[in-house]
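Colleague: Protein chains in written order, with UniProt numbering: chain A, 1 to 341; chain B, 1 to 269; chain C, 1 to 322.
Hints in this document: simulated from the structure, not taken from any laboratory.
We put the CB at the ideal spot given by N, CA and C, even for glycine.
A few of these clues could be false.
Said to hold, decoys possible - Below are the SDA-like pairs computed for lysine to any residue, each with C-alpha atoms no more than 20 Å apart in a straight line:
| # | chain 1 | residue 1 | chain 2 | residue 2 |
| --- | --- | --- | --- | --- |
| 1 | A | LYS296 | A | THR251 |
| 2 | B | LYS94 | C | PHE28 |
| 3 | C | LYS314 | C | ILE247 |
| 4 | A | LYS67 | C | ARG31 |
| 5 | B | LYS6 | C | ILE247 |
| 6 | B | LYS6 | C | ARG31 |
| 7 | B | LYS6 | C | ILE219 |
| 8 | B | LYS99 | C | LEU38 |
To be verified - Residues from chain C shown here face chain B by an in silico Cβ test under 10 Å; the list is partial:
| # | residue |
| --- | --- |
| 9 | ARG23 |
| 10 | VAL51 |
| 11 | LEU80 |
| 12 | LEU113 |
| 13 | ILE117 |
| 14 | TRP142 |
| 15 | ALA143 |
| 16 | LYS148 |
| 17 | SER151 |
| 18 | VAL184 |
| 19 | ILE209 |
| 20 | GLY263 |
| 21 | VAL282 |
| 22 | VAL308 |
Unchecked claim - Beta-carbon label-pair distances, calculated as ranges:
| # | chain 1 | residue 1 | chain 2 | residue 2 | range |
| --- | --- | --- | --- | --- | --- |
| 23 | A | GLY108 | C | GLU217 | 45 to 53 Å |
| 24 | C | ILE312 | A | SER61 | 42 to 50 Å |
| 25 | C | ALA24 | A | GLU68 | 15 to 23 Å |
| 26 | A | ASN10 | C | LEU57 | 47 to 55 Å |
| 27 | B | PHE97 | C | TRP128 | 22 to 30 Å |
| 28 | B | TRP135 | A | GLY71 | 39 to 47 Å |
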Amino acid sequence: MTTTAVQFTNVSRHYGTVKAVDDVSITIADGEFFSMLGPSGSGKTTCLRLIAGFEQPTSGSILIHGKEAAGLPPYERDVNTVFQDYALFPHMNILDNVAYGLMVKGVGKKERYKEAEAALGMVALGDFGGRTPGQMSGGQRQRVALARALVNRPRVLLLDEPLGALDLKLREQMQTELKTLQRKLGITFIYVTHDQGEALSMSDRVAVFNKGKIEQVDSPRNLYTKPATPFVADFVGTSNVIEGELAQVITGAAQAFSVRPEHIHFAQPASADHLGTQGTLIDVHYHGATSRFEIKAATGQLLAVTISNRDAEDPTLPRPGDAVALSWARQAMVPLSAGTR
Amino acid sequence: MHSEQKPSLLLKLAAWGGLVFLHFPIFVVVLYAFNTEESAFSFPLQGFTLHWFADAFGRQDMLSAVWLSVKVATMATILAMVLGTLAAGALYRKDFFGKESITLMLILPIALPGIITGIALLSAIKMANLDPNFWTIAIGHATFCVVIVYNNVIARFRRTSFSLIEASMDLGADGWQTFRYVVLPQIATALLAGAILAFALSFDEIIVTTFTAGQERTLPIWLLNQLGRPRDVPITNVVAMMIMLMTAIPIFGAWYLTRGTENTAGASK
Amino acid sequence: MTMAATLPVTAPVVTARKGGPLRAVSSFLYRRSTLYLLLLLTPPLLWFGVVYLGSLLALLSQSFYTFDDFTMGVTPDFTLANYKALFTDAANYDIVLRTLGMAACVSIASAILAFPIAYYMARYATGWRKGFFYVAVMLPMWASYIVKVYSWTVILAKGGIVYWMIGKLGLTHALEAVLALPVVGGNSLSTSNLGRFLVFTYIWLPFMILPIQASIERIPANLLQASADLGARPQQTFRTVILPLAIPGVVAGSIFTFSLTLGDFIIPQLVGPSGLFIGTMVYTMQGSIGNIPMAAAFTVVPVVIIGVYLAIAKRLGAFDAL
Numbered sequence: 001m002t003t004t005a006v007q008f009t010n011v012s013r014h015y016g017t018v019k020a021v022d023d024v025s026i027t028i029a030d031g032e033f034f035s036m037l038g039p040s041g042s043g044k045t046t047c048l049r050l051i052a053g054f055e056q057p058t059s060g061s062i063l064i065h066g067k068e069a070a071g072l073p074p075y076e077r078d079v080n081t082v083f084q085d086y087a088l089f090p091h092m093n094i095l096d097n098v099a100y101g102l103m104v105k106g107v108g109k110k111e112r113y114k115e116a117e118a119a120l121g122m123v124a125l126g127d128f129g130g131r132t133p134g135q136m137s138g139g140q141r142q143r144v145a146l147a148r149a150l151v152n153r154p155r156v157l158l159l160d161e162p163l164g165a166l167d168l169k170l171r172e173q174m175q176t177e178l179k180t181l182q183r184k185l186g187i188t189f190i191y192v193t194h195d196q197g198e199a200l201s202m203s204d205r206v207a208v209f210n211k212g213k214i215e216q217v218d219s220p221r222n223l224y225t226k227p228a229t230p231f232v233a234d235f236v237g238t239s240n241v242i243e244g245e246l247a248q249v250i251t252g253a254a255q256a257f258s259v260r261p262e263h264i265h266f267a268q269p270a271s272a273d274h275l276g277t278q279g280t281l282i283d284v285h286y287h288g289a290t291s292r293f294e295i296k297a298a299t300g301q302l303l304a305v306t307i308s309n310r311d312a313e314d315p316t317l318p319r320p321g322d323a324v325a326l327s328w329a330r331q332a333m334v335p336l337s338a339g340t341r
Numbered sequence: 001m002h003s004e005q006k007p008s009l010l011l012k013l014a015a016w017g018g019l020v021f022l023h024f025p026i027f028v029v030v031l032y033a034f035n036t037e038e039s040a041f042s043f044p045l046q047g048f049t050l051h052w053f054a055d056a057f058g059r060q061d062m063l064s065a066v067w068l069s070v071k072v073a074t075m076a077t078i079l080a081m082v083l084g085t086l087a088a089g090a091l092y093r094k095d096f097f098g099k100e101s102i103t104l105m106l107i108l109p110i111a112l113p114g115i116i117t118g119i120a121l122l123s124a125i126k127m128a129n130l131d132p133n134f135w136t137i138a139i140g141h142a143t144f145c146v147v148i149v150y151n152n153v154i155a156r157f158r159r160t161s162f163s164l165i166e167a168s169m170d171l172g173a174d175g176w177q178t179f180r181y182v183v184l185p186q187i188a189t190a191l192l193a194g195a196i197l198a199f200a201l202s203f204d205e206i207i208v209t210t211f212t213a214g215q216e217r218t219l220p221i222w223l224l225n226q227l228g229r230p231r232d233v234p235i236t237n238v239v240a241m242m243i244m245l246m247t248a249i250p251i252f253g254a255w256y257l258t259r260g261t262e263n264t265a266g267a268s269k
Numbered sequence: 001m002t003m004a005a006t007l008p009v010t011a012p013v014v015t016a017r018k019g020g021p022l023r024a025v026s027s028f029l030y031r032r033s034t035l036y037l038l039l040l041l042t043p044p045l046l047w048f049g050v051v052y053l054g055s056l057l058a059l060l061s062q063s064f065y066t067f068d069d070f071t072m073g074v075t076p077d078f079t080l081a082n083y084k085a086l087f088t089d090a091a092n093y094d095i096v097l098r099t100l101g102m103a104a105c106v107s108i109a110s111a112i113l114a115f116p117i118a119y120y121m122a123r124y125a126t127g128w129r130k131g132f133f134y135v136a137v138m139l140p141m142w143a144s145y146i147v148k149v150y151s152w153t154v155i156l157a158k159g160g161i162v163y164w165m166i167g168k169l170g171l172t173h174a175l176e177a178v179l180a181l182p183v184v185g186g187n188s189l190s191t192s193n194l195g196r197f198l199v200f201t202y203i204w205l206p207f208m209i210l211p212i213q214a215s216i217e218r219i220p221a222n223l224l225q226a227s228a229d230l231g232a233r234p235q236q237t238f239r240t241v242i243l244p245l246a247i248p249g250v251v252a253g254s255i256f257t258f259s260l261t262l263g264d265f266i267i268p269q270l271v272g273p274s275g276l277f278i279g280t281m282v283y284t285m286q287g288s289i290g291n292i293p294m295a296a297a298f299t300v301v302p303v304v305i306i307g308v309y310l311a312i313a314k315r316l317g318a319f320d321a322l
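So that you can see chain A by itself, here it is in the shape it has in the complex:
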């Protein structure tokens, strides 16, 4: 039986006329790795801050483990946060930083240091307790922030773009470790990011935010293969969103749909299962494993096609300026609803 960790019902947070969060409803299950994905200003961080208690909703209800949280200050909530800038206390050493939550709850010195040592050991920083935050690298600080939150045994851990400041290699390593940690601890992780790759690789489910609203909540695979709206199709991976006049020309209906660039081939539609259009190749971008072709359709819309590169250059591929025919299978098309634009 799965229980509910966090439940938003018609939650809004307005600042004057700006609707940072606009009528959002979500249910996050206990033990889930849940990501909130979206561009900056889309409302994902505000949602996280609403759960933490740094912000209060303008309207709506937020239940944390079945208890109404609106009006509760952060220190009365069973959730802990890993901050984007880590927010380690610069005037305390690492051990005191990690023991802080236990200290303010009145846990004795001996016991809280024991717990803090254990938490530091968990993030492989057992020997660093005596250092100050200033003496740690970015990656190490990130681990300390994690240990400082987890030592309180929260039932929900909130992570606000925790890997944003790290370099690519370290970020990828930390993604794996965070995922492993979450599995082992079994607590709910709510993870805010603008990096779709990060969200897809770590999460059980992802909510895609746009302009204060949720466009789609789904598993990573479904988000990619069955985007519900043009925004999701475009934001999660890259996609050709075809609508309006061009959609009319191709399918005979104005219904918008998307096709992933890797599903399009340079060919005339071979059968009734295939659809296609014509255009002019404008440019080719080399990306190592793949090349990306930019085509201008007859209606003026730009379309992208991704082709895997072989060892040698393929002489049959078109060159910029060539007229090309594009084709894709009917099942590669995903119909889209309007969404928030």
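Guided by the hints, dock chains B and C onto chain A, whose structure is given.
Modeller: Showing chains B and C alone in chain A's frame:
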């Protein structure tokens, strides 16, 4: 902003010459404190003596002026620390209607000529039928010391990430605990620097004090009176040097406490 | 470097949290952030509202009180006589002009002396020199005002250091010639306007250095590189980029030099000729005569002058350089 080029000789000369100009009178005060001559300022000095130091410390009126100045500065500093910190805590983050006016009001006592603050306080004292005393001096001093503490503390607040406060609350600390364990340690050195400067400012103030002191004599007022007594010149010289030293040391302290920060203490007096 | 999840996730370490009235107050204020803000602001607002603004209002109202020349007493009867006297007495215009002239000269001289120091501090002083210059400007600024003024009376006295040095340089005649000039001159250095000007300039100089230094410091280095890159010679860069951007600092500094000169009544007493300044006028009115109403009316003059000055300074962007 730094230049890769070398400064021209003229610029170097003007800059270092300016520094010499700034320190010349201070040097003279120190020099004359050891002068043997009794009632003139003739140069070169006649001889070297420590004799006047003993004389100066035997002067009861001088010692009681020092004691009054210390008491006034301490009281003014404590009041300024409380009021300045409260104002900084309220004003550093949120924007609200009237914020600009409040900031202006805090700055006004040092932006307007001291004589206005002084005579305004005096007329209020007269209207309230009070006699000028220790408290009227201290209250006047506190009024223009608030902005010194406020400037130092708000600069530190602005440099401190607000997420530290959120992190503390997130980890279970309520508002009081957060103040005690996170906010206070963060602002401590800035608060101390502000307090030192406020103390120095109060200890040295004469313009406003002239109006609010009545018959009381703070050290600067005592010194001003001394200038009308040619026979006391050696003692005046010694006390002048001591005052100089007493205000110089805190400046080093305040600078040391806030060095390496953008808004260094004391940049505005 | 891998993380091992060894924290046993059983019950939280502490389930029962501290209650108590303090925490209740904290939570109450957390929910009402406006009330919290108001509570923080109340003590300083009360203080400034009652003590400071209250005093200024008291001052303003006293300027309409009646001063009896015979009994030398003040009665709270409304009169405009003080303001009438202020604007009709020709001697008052002399006082205002004398003070304004000095304030203007002092501001200009401070700016000229301060600029090279500030420029050197901002652009060339690095490492220990930076800290050294900073403290070296702060120290005289914060050193006791009355002691500094006293020191100058010692320096400028007849037979003192300046006279000795000028004598050694064989310039005694030149000094006498300067002192014989009208307006700037006088019997001796310490009773001349020249001496008073020198002391004023010295005392307020640090207040000019720091704002200029701050405004030059804020000029981004790439702006100068861009200027050099576009072909400007160093002097051109200085004239077309640095100088205009340093002007707000100069104006900010001049607010101090102006305001402080207008309100000072100690330097005009101790150094220079006998003519009254605004400060000495106010001081004498309330002190030896006890005519607080007239003194109060007179303070309107510096307030208005500084008000106008601040309005101009704000236009010139000086407030960002404060």
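Colleague: Please go over all the hints and tell whether each is borne out by the structure.
Modeller: Consistency of the hints with the structure:
no., hint, in the structure
1, A:LYS296 with A:THR251, "holds, 18 Å"
2, B:LYS94 with C:PHE28, "holds, 19 Å"
3, C:LYS314 with C:ILE247, "holds, 12 Å"
4, A:LYS67 with C:ARG31, "holds, 17 Å"
5, B:LYS6 with C:ILE247, "violated, 23 Å"
6, B:LYS6 with C:ARG31, "violated, 58 Å"
7, B:LYS6 with C:ILE219, "holds, 18 Å"
8, B:LYS99 with C:LEU38, "holds, 12 Å"
9, ARG23, "holds, 5 Å"
10, VAL51, "holds, 6 Å"
11, LEU80, "violated, 18 Å"
12, LEU113, "holds, 6 Å"
13, ILE117, "holds, 4 Å"
14, TRP142, "holds, 5 Å"
15, ALA143, "holds, 5 Å"
16, LYS148, "holds, 6 Å"
17, SER151, "holds, 4 Å"
18, VAL184, "violated, 19 Å"
19, ILE209, "holds, 8 Å"
20, GLY263, "holds, 2 Å"
21, VAL282, "holds, 6 Å"
22, VAL308, "violated, 14 Å"
23, A:GLY108 with C:GLU217: 45 to 53 Å, "holds, 50 Å"
24, C:ILE312 with A:SER61: 42 to 50 Å, "violated, 56 Å"
25, C:ALA24 with A:GLU68: 15 to 23 Å, "holds, 18 Å"
26, A:ASN10 with C:LEU57: 47 to 55 Å, "holds, 52 Å"
27, B:PHE97 with C:TRP128: 22 to 30 Å, "violated, 47 Å"
28, B:TRP135 with A:GLY71: 39 to 47 Å, "holds, 45 Å"
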